[in-house]
Structures are given as C-alpha cells and as structure tokens.
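Peer 1: If you want the building blocks of each chain, they are given just below.
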Amino acid sequence: DTGVSQNPRHKITKRGQNVTFRCDPISEHNRLYWYRQTLGQGPEFLTYFQNEAQLEKSRLLSDRFSAERPKGSFSTLEIQRTEQGDSAMYLCASSAGGGTDWGNEQFFGPGTRLTVL
Amino acid sequence: GQQVMQIPQYQHVQEGEDFTTYCNSSTTLSNIQWYKQRPGGHPVFLIQLVKSGEVKKQKRLTFQFGEAKKNSSLHITATQTTDVGTYFCAGLRAGSYQLTFGKGTKLSVIP
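Protein chains in written order, with this note's numbering: chain A, 1 to 117; chain B, 1001 to 1111.
Hints are supplied without guarantee of correctness; some may be wrong.
Here are the simulated SDA-like cross-link-like pairs (lysine to any residue), alpha carbons at most 25 angstroms apart as the crow flies [as the list claims (entries may be wrong)]: (1) K1070(B) to S58(A); (2) K1059(B) to N104(A); (3) K1070(B) to T1081(B); (4) K1036(B) to N7(A); (5) K1070(B) to N7(A); (6) K57(A) to K1057(B); (7) K1051(B) to E1017(B); (8) K11(A) to I1007(B); (9) K1070(B) to S62(A); (10) K1056(B) to I1007(B); (11) K1103(B) to E28(A); (12) K1103(B) to A53(A); (13) K1057(B) to G1001(B).
Calculated directly from the structure, the hints in this document are not laboratory data.
No experiment lies behind these values; they were computed from the predicted model shown.
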C-alpha cells in the first residue's frame, strides 16, 4: 500500500499521560501536515513540514503539542500531559510540491483516534 | 483569524435530486480545495480551484470559485447513493500553507 499510513489507529490514555503518534507519508511527498478533527467539524490544521523543516504551526496550538520530522520522511506528533479535550481524530496528510506552489492535493491517512479518560 | 463557513450543515435529498453546498471565506483566498469524507473514512481530495470565477466539472459535480475569491460552491446533479458523505471546502490564503476547512455539509441520499 503506497498511501499515507498512521500508527496506532486507536489510542486510549489516562489524563496526564503523554502520547506519541506516527505518520508515514507517501514516499515521494516532501510536504506533511497534521490535523485534528472532532465530531461534526472539519479538520483543524495543526502544523506543516516541508521536508524536515517545520514551516508553519497553528497559533492556537498548545505548547503541550510538538511534532518532528527528523529525516524528512516519517513524522511524529507528541501530546504531553493529555487532557480530556485532546480527545479527537488526529489526521496526517502529505502532498507533493515545491517552490512557489503553496497548495496542492493532500492525501490523508486513516487517522489515529485518541480517547483521553 | 481566517474563517471558512459552509451551508447547509445537513442536506437530505431524494436520489436523483440535485444538491448544492456553499462555502464562504472571511478573507480572500489564493485557492480553494474540496474534499469528500465518507462515514468512518478520511477526507479525499476532489478538486482545487485557483482562478477567480473558475468553473470545473467532474462528471455530475460542478465546482465554482467566486470572482472575489472569497466564496465557492459545489453542485451535484442527479444525486446517487454513492454521493453520501460530508463535503468540505478548504481555503488557502496567500503566503500560508495552512488549509482552513469549513465544518462541512453532510449529504444523505434517500433511495
């Protein structure tokens, strides 16, 4: 399967614990995005990587959230000291592109569903 | 910050009827994208519109981008049960990679 993959698919954790999610984008895609989606809402942008560089981050994003893409391939999203409000589907997407091309088709992964008890 | 609003939130149609969802941005966009999300699935890209006044067609789907690049619409002709899902518009501002999604329009098709 050459699509975007995410692990784990489901995560249940207790409030206050740290969690880490992984995203493997489509191999030739240099752009990677993280989103959060709650029921009845559209995906909410969290952060964007171009290769290994984190170029954009939502201003609304708590400092408990951090993301990395160390070698410009897979990415991890870590949430520290989880809260019940962090319960959501965390989606990763990747796209090709470069130069002055700001937008392009994004391919989404299946998501990681986080439940914080 | 940038807001993208979509109406209606829900739409129930009889199979064979037409369907339209509307998207409005609080700021001028450099481009707009449309995605479809099936129940239990992830968003799947449908199309991207870049030019002012642009109209694109994909079989029974017609997409429009407003002249001011602040609004867009998706029209489906003669809906089928396979059209069921939530349709999202997502706008991109100039100079940003942040795609801002609307809340979506959930389409139900009654056979």
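Peer 1: Against each hint, give a clear statement of whether it holds in the structure.
Peer 2: Checked hints:
no.	hint	result
1	K1070(B) to S58(A)	holds (21 angstroms)
2	K1059(B) to N104(A)	holds (21 angstroms)
3	K1070(B) to T1081(B)	violated (30 angstroms)
4	K1036(B) to N7(A)	holds (23 angstroms)
5	K1070(B) to N7(A)	violated (37 angstroms)
6	K57(A) to K1057(B)	violated (34 angstroms)
7	K1051(B) to E1017(B)	violated (29 angstroms)
8	K11(A) to I1007(B)	violated (33 angstroms)
9	K1070(B) to S62(A)	violated (29 angstroms)
10	K1056(B) to I1007(B)	holds (20 angstroms)
11	K1103(B) to E28(A)	violated (30 angstroms)
12	K1103(B) to A53(A)	violated (29 angstroms)
13	K1057(B) to G1001(B)	violated (31 angstroms)
Violation of the numbered hints given earlier is confined to hints 3, 5, 6, 7, 8, 9, 11, 12, 13; the remaining hints are satisfied by the structure.
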